[in-house]
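First to last, the protein sequences are chains A and B.
For the first sequence, our numbering gives the first residue as 53, with consecutive numbering after it.
For the second sequence, our numbering gives the first residue as 330, with consecutive numbering after it.
Careful, some of the hints might be misleading.
[Said to hold, decoys possible] Which bits of chain A does chain B cover? Going by a derived footprint, with three or more residues having C-beta under 8 Å, they are: (1) 77 to 84; (2) 94 to 106.
[To be verified] Every beta carbon over 10 Å from chain A, so not counted as near; a handful from chain B, in silico: (3) E344; (4) A345; (5) Q373; (6) F393; (7) D410; (8) Q412; (9) L413.
Source of the hints: derived by calculation from the structure; they are not laboratory data.
Just so you know, even glycine gets a beta-carbon here, dropped at the ideal spot from N, CA and C.
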Amino acid sequence: DTGVSQDPRHKITKRGQNVTFRCDPISEHNRLYWYRQTLGQGPEFLTYFQNEAQLEKSRLLSDRFSAERPKGSFSTLEIQRTEQGDSAMYLCASSHPYRGEGTEAFFGQGTRLTVV
Amino acid sequence: AQTVTQSQPEMSVQEAETVTLSCTYDTSESDYYLFWYKQPPSRQMILVIRQEAYKQQNATENRFSVNFQKAAKSFSLKISDSQLGDAAMYFCAYRSGANSKLTFGKGITLSVRP
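Just need the whole structure built from these sequences, with the hints factored in.
Have a look at this one:
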């Protein structure tokens, strides 16, 4: 069990460029979540998957954001036409809902995005 | 919609002393879970302690315990015998029993004085 892995750890991009982040959940975890955390704030929910199905998307997830989880394994989060307001830490988490109620979500170290 | 409020942005504690971090939440649901997560600087968030709403007994994990007041919708974290490694941001979080996403508070920065 190597934990939740996110790549890259840091990304600096120019405004208007597209970026893609990857998350590898803990193996056997069928739920995967994306959160966004800005400085001084708690993480805000963006979207989550159960296996390959995207079950919920936050209103925070504008049309420029898209997430996928092909084959129910790793997930990607793409931001098109980045804006300075997209600068944040993007956190991925995974969980296994069938290991008891209230089972915890395990978080990755995040991808810090800076849009210049 | 559920909300989680952490009104104290920062707290400081002397090493070996006890500190309590406050959290309140708002929900109309009866089935839910509450969590405290720790986020050390530049490191990933880890779970400190969880509380199921249907349990009356307060959760305890070694030096960490909670004071869960369901009627008051209060969920505070007590850290006993504080250690330097406890310095971090602490987030209170809520999860509905019907949904697996977490709703977080703004967090509190805890510093530990040697």
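Consistency of the hints with the structure:
For the segment 77 to 84 of chain A, the stated coverage by chain B is not satisfied: 1 residues place a CB nearer than 8 Å to a CB of that chain, which falls below the threshold of 3. For the segment 94 to 106 of chain A, the proposed coverage by chain B is satisfied: 5 residues have a C-beta within less than 8 Å of a C-beta in that chain, meeting the threshold of three. Every CB of chain A is more than 10 Å from the CB of E344 (chain B) (nearest about 26 Å), matching its label as outside the interface. Listed as outside the interface, A345 (chain B) is consistent with that label: its C-beta sits roughly 28 Å from the nearest C-beta of chain A, beyond the 10 Å cut-off.
Non-interface status of Q373 (chain B) relative to chain A is broken: a Cβ of that chain comes within 10 Å, the nearest being about 4 Å off. Under the 10 Å C-beta cut-off, the non-interface status given to F393 (chain B) relative to chain A holds; the minimum distance is some 14 Å. In this structure D410 (chain B) is separated from chain A by more than 10 Å, as the shortest Cβ-Cβ distance comes to about 24 Å. The Cβ of Q412 (chain B) lies farther than 10 Å from every Cβ of chain A, with a closest approach of about 22 Å, so its non-interface assignment holds.
The non-interface label for L413 (chain B) is consistent with chain A: the shortest C-beta to C-beta separation is roughly 21 Å, beyond 10 Å.
Checked against the numbered hints given earlier, the structure breaks hints 1 and 5 and satisfies all the rest.
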